[in-house]
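All residue numbers for the sequence shown refer to my numbering, where the first residue is 1 and numbers rise by one.
Hints may contain errors.
[As the list claims (entries may be wrong)] Cβ pair distances, simulated, as ranges:
id	residue 1	residue 2	range
1	Glu207	Asp40	32 to 38 Å
2	Asn484	Gln423	32 to 38 Å
3	Ala487	Glu441	43 to 49 Å
4	Ala459	Val328	53 to 59 Å
5	Glu286	Ile506	41 to 47 Å
6	Asn484	Pro508	41 to 47 Å
7	Pro196	His338	55 to 61 Å
8	Leu339	Phe457	51 to 57 Å
9	Val514	Trp105	41 to 47 Å
10	Asn484	Val328	58 to 64 Å
11	Leu323	Val514	38 to 44 Å
12	Ala254	Leu323	26 to 32 Å
13	Glu286	Ile478	56 to 62 Å
14	Glu441	Gly510	30 to 36 Å
Everything labelled a hint here was simulated from the structure, so no lab data went into it.
Note that beta-carbon positions come from the ideal geometry of N, C-alpha and C, so glycine has one too.
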Amino acid sequence: MNDHYLELVAKQEKPRVAGLRERKKTDFSPLTGRISLEGDEPGKVENYYIGPMHIDQGDLFVISWTAPAAEIFFRHLKTWQTKNVRVQRRFVQKVRRLSNYADLWIGPRENQAFPQSSDAERPTPPKPQGGSAWLAGIRATARLEQAPPEPVLSVAPAERIVPGDAAAATMEDLLRETLSAPRSLGLSSVLATLQPEQYDLVTRTTEKSLVVQGHAGTGKTIIATHRAAWLVHEDREAALGQILLLGPTPAWEAHASTAAVDLGIGKRRILVSSVHGLILEVLGFEPDAYRPRPVDSVRVPEGADDVVRAAALKSRRSDIKGLEALGVFYDGFVTTMHLEGRSAKFRAWAGDLPATFKSARKNPLTWPLLAYMQVLLEPGEVFEHVVVDEAQDLSLFEWRILEEMNAGSWTLVGDMQQRHSLQVKTWSDITTRIPGTQWDESTINTGYRTSQAIADFAAALLPKAAGFRKASPLGRGIPPRIINAAAIRRTVESITLEQCQRLATIRPDGTVAVITPRSSPVEWCNRFVILQGCGG
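My request is simple: use the sequences and hints to build the entire structure.
And the structure:
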């Protein structure tokens with residue numbers, strides 16, 4: 001049935017939104033799961049699948065993960081519109097194939113989770129008199145324009161699981177198996193293991209802006225990417241037009257982009273970018289090697305953003321555009337501030353800035369200021385919502401750039417315990433920078449990528465956050481190995497290489513990471529990893 005679903009998705013009509021590319025089969029992940037409810041009559045059941053996209057064709061009825069009825073699956077509901085939930089099944093995928101599953105019985109356990117009869121396999125369409133009122137409501141909610149009927153493929157009614165994989169014993173086993181699997185090169189959709197507290201944050205209304213505070217491993221990036229996809233998904237009645245999904249680095253951008261594609265969202269509905277990439281795009285600078293953004297390297301006096309804004313709005317010109325206009329404005333602004341700044345702090349700040357636009361272009365520390373000036377002089381693209389991952393580390397002018405680009409609400413995700421800036425200590429320090437916005441702050445404490453042994457080790461480094469961490473669903477795990485190089489009279493580099501080789505051997509499908517406060521050991525280790533043929 002999974003193959004049938006992917007085939008039908010590939011044959012869907014082109015998106016109704018102008019400018020979106022036609023979907024390709026590889027744009028969607030497989031089916032996510034199944035739900036079975038008691039029918040209108042004793043002994044009858046109503047079954048349906050959950051997937052990235054709504055399909056109602058031939059022998060297949062799939063509810064989009066963004067539909068209201070999907071709450072049954074993600075929130076583990078016991079009833080839905082007066083109907084009792086019998087059982088839910090969650091699938092694990094491996095390269096677009098279903099490799100495992102687990103059943104969670106909500107009602108009394110029966111011999112068969114999903115009866116194979118044709119009546120049970122696909123709910124009967126609603127009739128003028130009688131029929132399934134529940135299914136009629138579901139179909140009305142979906143409100144999709146169906147493509148002309150396609151020839152129905154001859155496919156076995158049950159989902160096909162890769163031979164040799166036994167069903168997971170419990171839902172907890174399935175979650176543990178999925179989360180402990182080696183990470184892929186990009187972030188994939190995790191709909192099958194999306195937890196109720198994560199789903200709640202992903203599907204929050206946009207009436208208020210949302211702040212999500214969570215320590216490492218709580219799935220913050222998963223929440224950010226899936227919320228972005230949910231907000232614009234065309235199967236959702238109140239879908240937004242275009243939103244910005246912003247993260248800290250180009251590596252994050254490449255990592256997060258795959259999840260949006262996996263959920264079937266076109267790039268023109270979600271612009272995925274790093275802060276660095278967005279600034280380069282605004283300024284029209286050529287992409288270059290990534291340069292880490294120094295935090296707190298430039299002290300900006302309070303009110304400097306207001307001064308820049310007022311000066312830029314007065315200086316908009318129609319005779320010159322682009323970098324020429326920006327250069328003229330910057331040179332004049334720095335000169336004026338240096339000579340006529342309203343306080344000694346402003347004059348000192350102006351004195352620290354590059355004296356000319358030509359010099360400022362070569363200094364990455366001034367790029368956020370230049371980009372803010374540019375969006376004020378020549379307003380550009382505007383989004384209906386902005387999602388920011390690792391939002392605790394944005395600078396003042398980076399926030400001001402986003403303000404000019406956002407016509408709607410916000411979703412900010414991050415961890416104040418991991419902030420690099422000394423200028424903010426709480427989320428209110430950030431949210432007060434965005435006036436006129438109502439905020440709803442939530443905290444997520446369950447770690448989904450960290451074993452209990454690692455969480456306990458981290459608690460010694462971050463004692464204030466330790467009391468808020470919940471027990472890890474991954475279990476105890478393997479305690480970290482601590483090696484004192486001085487005690488055994490060896491170099492850190494040689495031990496690092498040895499451990500890289502050991503881990504790559506016992507985890508050939510995984511990724512080995514080296515974290516160091518200095519760059520030279522990493523460069524040294526990278527060279528040896530390549531020479532030794534050890535997986536990176």
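Here's how the hints hold up against the structure:
For the hinted restraint 32 to 38 Å between Glu207 and Asp40, the CB-CB distance of approximately 36 Å keeps it satisfied. Roughly 37 Å separates the CB atoms of Asn484 and Gln423, a value that falls within the hinted 32 to 38 Å. As the Cβ distance of Ala487 to Glu441 is approximately 45 Å, the hint placing it in 43 to 49 Å holds. Judged by the Cβ atoms, the range 53 to 59 Å given for Ala459 and Val328 holds: they are separated by roughly 55 Å.
Taking the beta carbon of each, Glu286 and Ile506 are about 43 Å apart, inside 41 to 47 Å as hinted. Between Asn484 and Pro508 the CB atoms are about 29 Å apart, so this pair departs from the stated range of 41 to 47 Å. Checked against the hint of 55 to 61 Å, the C-beta distance between Pro196 and His338 comes to roughly 56 Å, which is consistent with it. Distance hint check for Leu339 and Phe457: the Cβ-Cβ separation is about 55 Å, which falls inside the suggested range of 51 to 57 Å.
Range check, Val514 to Trp105: about 45 Å between beta-carbon atoms, so the 41 to 47 Å window is met. Under the hint 58 to 64 Å, the C-beta atoms of Asn484 and Val328, about 60 Å apart, fit the expected range. Between Leu323 and Val514 the CB atoms are about 40 Å apart, so this pair conforms to the stated range of 38 to 44 Å. Distance hint for Ala254 and Leu323: a CB-CB separation of about 27 Å, consistent with the stated range 26 to 32 Å.
Our hint of 56 to 62 Å for Glu286 and Ile478 is violated, since their Cβ atoms are close to 45 Å apart. For the pair Glu441 and Gly510, the supplied restraint of 30 to 36 Å holds, since their beta-carbon distance comes to about 35 Å.
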